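Chains as they are written, first to last, in the numbering used here: chain A, 1 to 317; chain B, 1 to 219; chain C, 1 to 666.
Mixed in with the good hints, there may be bad ones.
[As the list claims (entries may be wrong)] Some chain C residues flagged as far from chain A (calculated, every beta-carbon gap over 10 Å):
hint, residue
1, Leu145
2, Gln162
3, Tyr192
4, Gln200
5, Glu405
6, Ala439
7, Leu440
8, Phe449
9, Leu484
10, Leu520
11, Ala574
12, Gly582
13, Arg596
14, Arg618
15, Val631
[Stated by the list, open to error] Per the computed footprint, the stretches of chain B lying under chain A, defined by three or more beta-carbons under 8 Å from a beta-carbon of chain A, are:
hint, region
16, 9–18
17, 103–111
Calculated from the structure, these hints are not laboratory results.
Here the structure is a predicted model, which is why all the values come from computation and not from measurement.
Note that CB positions come from ideal geometry on N, CA and C, so glycine has one too.
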Amino acid sequence: MNVTATGILAQSLEIALALAAAPLLLGWVDQWRARLQNRSAPPLTQPYRVLRKLFHKESVVADSASALFRLTPYVMFGCMTLACAIVPTISTDLPLATAADAIALVGLFALARTFIALAAMDIGTAFGTMGARREMLIGFLAEPALLMALFSTSLITHSTSLANMVDTLSHRATVLEPSLAFAGVAFTIVSLAENARVPVDNPATHLELTMIHEALVLEYSGRHLAMMEWAASLKLFAYSCIGLAMFFPWGIAEVDSPLAMLFAVPALVFKLAIGGVLLALIETASAKMRIFRVPEFLATAFLLAVIGLLVHQLLEA
Amino acid sequence: MHAVLTQSINLYAAFLLIVSFAMISQRRILSLVHLYTSQGVALVLATVTVAYLTSQPHLFYSAGITLVLKVMLIPTMLHRVIDRLDVRWDVEPLINIPTTMLIGIVLVVFAFNLALPISQLSSSIARSTLGIALACVLLSFMMMIVRAKALPQVIGFLAMENGLFFAATSATNGMPMIVELGIALDVLVGALILGVFMFQIREQFDSLDIRHLERLKEE
Amino acid sequence: MIHIDWILVIVAAWLVLGIWALFALHRTKFVARRLFPLGGLLGLALAGVALDALFSTAEVAQLLIGLPGLPMHLRLDALSAFFLVVIGAGVFGTSLFSAGYFRAGEGTAPGLLCLEYHVFLAAMAMVVLADDAYAFMVMWETMALSSFFLVTANHRVASVRQAAYLYLLLAHIGAVAILLCFGVMQANTGDYTFANLRAQQLSPMWLSIAFGFAVFGFGAKAGLVPVHVWLPEAHPAAPSPVSALLSAVMLKTAIYGLLRITFDLLHGGLWWWGAVLLALGLISALMGVVFSTVQTEMKRLLAYSSIENIGLIVAGLGLALIFRSYGMANLAALALTAAMVHVLAHAFFKSLLFLGTGAVLHATGERNLGKLGGLIRSMPWVAWLVFIGVLAGAGLPPLAGFVSEWLLLQSFLFTTALPNSFLDMLIPLVAAAVALCVALAGYAMVKFFGVIFLGQPREEKLLRAHDANVWQRLGLAWFAAGCLAMGLFPVPLIDAIDRVTNRLLGAGLAQAVHANGWVLLAPIGLERASYGPVVFLGGVGAGITLGLLIARRLYRGTLRRGEPWACGYAGGTARMQDTAEGFGQPIRQIFEPFFRITRDLPSPFDVRPHYRVLTQDRLWHGVYMPIARLVDWLARGVSWLQQGRISIYLMYSFLTLLIMLMLVRL
């Protein structure tokens, strides 16, 4: 693991960009959802205002909550920050990325999911435990699907290190890769499920029986809720960047070229903007599914990812 | 440019496979027809690409026939039949959808394995897609088996023909024109006859559920 | 003295301890506080000696016990040493825990339990050391018998006796298969030493028959489907420290046997052997984890989870066999290393989990998940130590369970180089199945921890549960520390395992791994894949600190305790939380074909409505009950011979005499 000065610079810049821009991405998606639904849109900085308001508010914790409950928002924040740090968003020269490859990234998301499900079970209300159950239901199908989608790219690039994957993919001569098409569809479905978007979960719902992610953060308030919301937006940012890194890796700066980061940031912003509009489009055009259709939906993603691997064996190996 | 076009054939093949799987997992009959139409479009594009790359003009005509027949004529007929029969949804298929998809995966593995030695023998530019074409045929056949209503079975039959057409294009650079026309006519007549059958079934049983047909056997 | 002599001294010391306990039959305190910790320390010594032996050359010894002219040959090579480390480490923690676990008046006397326990330990150590089939089988039987007596410690309960009977039955069926395997391997030479077995050149048909017997026999002991039915009955029936030993250590002796026979004694492995092991392992893993998510009793959940982990280990072995049969020694070493890491990791986290259930049982007397809850407040030590085991069991980074999962998935990625195209295409499916099993294991672990320790207590008496005493804490802490250490420092572990893979395959990962230092684990090459658990933990920790800084320093929010929000619903009770059945219901619905579900639904006219759902193993009713009925029918047919009249019996003797006379004449 060679830690260079440019590496540390790239790494810190990436973390700072993620922390600052993640709520902005959320605001952009919300704005476009509103526009597409013919409503007047909230301002782009609305998530920042929400965070600021929550940080200043008093945090009310249930009597029966244990230390796990109070620790989880910070653990979520830490996990998502690390996830954003190891995904190559603006540069592949990331010292931390050698410590965690694609499989460890999936494990990181699983760690976050375990903590949040346990925290929801901690208070012992009906909604919290129901949310925990649903979250694990989605997770146990989404995690293998994500892993298989990442495997497709690993088979093509002969590496599971994300930085290597981006390097290899952006320099390849062949541009159209059918197995990546399968992996892309599977990855989109998994992102929708994991980030609690329509058609799997409605992020704006307040009806108890229809919520999954909201049920998990039901008991949090004040700064804990702020941490959870920030972590959720970081998760969306991380997933979007993983998708961009795997399927549209052009424009990311390489090792020992710090100036290229100046071009990488606008490229990232441009790609994320388009991605946000597409997400808003998908959310507006779909209806939320019944909870027991969700495993079928995710099973489709899982099977598509597996077929992608098989197609790779057939066509490209 | 040449290389990009060659790879695009792989992309169309992959699209065909995705659409075959999507057809297995769909419950709404209108979506099935839309998926079939998109399969037709992918076929047309693939045939045109192969025609351009190998400079075989008869493939252009074949693509034209496919366009007229599979993208315009048959989907319109199917829409009319759906409107007159007033069917919107399929009942739960005979085996549930996740199991169907698992069987589908096994079929795909089987088809890929089968196609590998055969595609070594072919000289076509798209020979590695033979496995995908074979997989599409098997998946459509399976869709015909597990559906409980008549209309999805018909669409499965048509999708199977699509797969065969793609197999012909990929393995042998298209079939001779006579065979092409013959198959196209067969498909058209077959669809018309099946349409008539569906009305008869509906008349007899007041429903398109094929399990009612079991009542016709001698007791 | 050389290592093997030290080990024999330790084994003898265990037997001495056991016999000493016979003289202190009912003195619970003495047996618990003095003898068990001594046994534990001996276990630690065993682990230390074995670790040292791992890095030296193989040693042999002969014991002149037994029949004249038939001594017991013993041999300590790298494979045996590794499994001795597993045994020793497991024994140390479990014995310490047992010191604090004893309660008076529960069936078997403490002194007798101590004897059986230490005989069990001695037998396990000797099985791993055995170098001829005679010693192996004698020690295998001793292990089975002593563990049977340990399982029936609460012999006054009928269900415990039934479970132990089933265990004994299947253990013996397996032992017969192993005996037949040895019989085939010695190929009529009459010499049963492993050196001779190794030197035999069998035809492929006989090789495969031996392999089949070995898989059946060792699979029955390890808990592979379809001979796994004894595991979910026997492990919960035993006292918790014994369950921990059974799950964590005894199942591994079966893995040792499988390794010894397929990698060491049988030559010329065919590729389909690996495919069979891979398939069996995956089916066991999937069945085990699906069943564990729907259980309502905490120890049964862990028992099924053991079936899953053994399935994953066997799948890794199968993959290594496939690679070996195609001559890819390096990749075989990768798969084998993954399996070995999982052997040690599972020993640690499963012991931790079972001992945790022991502490809960000791404090509350409840084992049903529907009567537990909220114990994190009254039993914080147990809860937080078990939490580490839960995270490890779910295969989450940076703990021990993730390292083996990572290595196994890495070995799947490189199978695209296999010459056989059919296997090539099946491998993505297999990798997907492994990923699914690991994700479901996470589900089961969240259910386990959440229902027992979190939420609100479902019974009044849970509020008065006492936390673990010093001995129990020591035992739990040992295993928790092991999970952490193995997760954070995998490189020394792989160094040790490299000795084993070198012995069995002639290749190892140590060189590639050493090239990158101790911080990063990169078994193939740095540009292919790398994993640095310490940096990973540091990264998460830094993120947590950053979050704390932002939240506490920059903003001045306060904290207040109040009632739970629960969407404003004021009348919430502890019964409104999710039950264990409820938490497993989605899995029951999705994987319905795996189960045999019987439901008792209430009718609208019931005065006191009841709802009951029973989830059972299909194999029990589909395979085992018909076999049992067949045996019953045969037995009744034979019992027809017992007519009860003396003249009939005399006629039997007369007929036999006539037949013998005729035969002699011929």
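Against the structure, the hints come out as follows:
Distance check on Leu145/C: its Cβ is at least 40 Å (rounded) from any Cβ of chain A, clearing the 10 Å threshold; non-interface status holds. Against the 10 Å criterion, Gln162/C stays outside the reach of chain A, whose nearest CB is about 33 Å from its own CB. Every CB of chain A lies more than 10 Å from the CB of Tyr192/C, the least distance being 45 Å, so the non-interface label holds. With a closest Cβ-Cβ approach of about 39 Å to chain A, Gln200/C is found to remain outside the 10 Å limit, as its non-interface label requires.
The claim that Glu405/C lies off the interface is violated: its Cβ sits roughly 8 Å from the closest Cβ of chain A, which falls inside the 10 Å cut-off. At roughly 4 Å, the least C-beta separation between Ala439/C and chain A is not larger than 10 Å, which violates its mark as non-interface. In this structure Leu440/C is not separated from chain A by more than 10 Å, as the shortest Cβ-Cβ distance comes to only about 5 Å. Its beta-carbon lying about 6 Å from the closest one in chain A, Phe449/C breaks the requirement of being farther than 10 Å from that chain.
Residue-level check passed: Leu484/C sits 14 Å from the nearest beta carbon of chain A, beyond 10 Å. Under the 10 Å C-beta cut-off, the non-interface status given to Leu520/C relative to chain A is violated; the minimum distance is some 6 Å. Under the 10 Å C-beta cut-off, the non-interface status given to Ala574/C relative to chain A is violated; the minimum distance is some 7 Å. Non-interface status of Gly582/C relative to chain A is broken: a Cβ of that chain comes within 10 Å, the nearest being about 7 Å off.
Chain A leaves Arg596/C outside its interface by the beta-carbon criterion, the shortest separation being 21 Å against a cut-off of 10 Å. Its beta-carbon lying about 21 Å from the closest one in chain A, Arg618/C satisfies the requirement of being farther than 10 Å from that chain. At the 10 Å boundary, the C-beta of Val631/C stays outside the reach of chain A, the nearest C-beta of that chain being 40 Å off. Look at the region 9–18 of chain B against chain A: 7 of its residues bring a Cβ nearer than 8 Å to a Cβ of that chain, three or more, so the hint holds.
For a cut-off of 8 Å, the count of residues in the region 103–111 of chain B with a CB near a CB of chain A stands at 4, and the three-residue condition holds.
This entry does not satisfy hints 5, 6, 7, 8, 10, 11, 12, going by the numbered hints stated previously.
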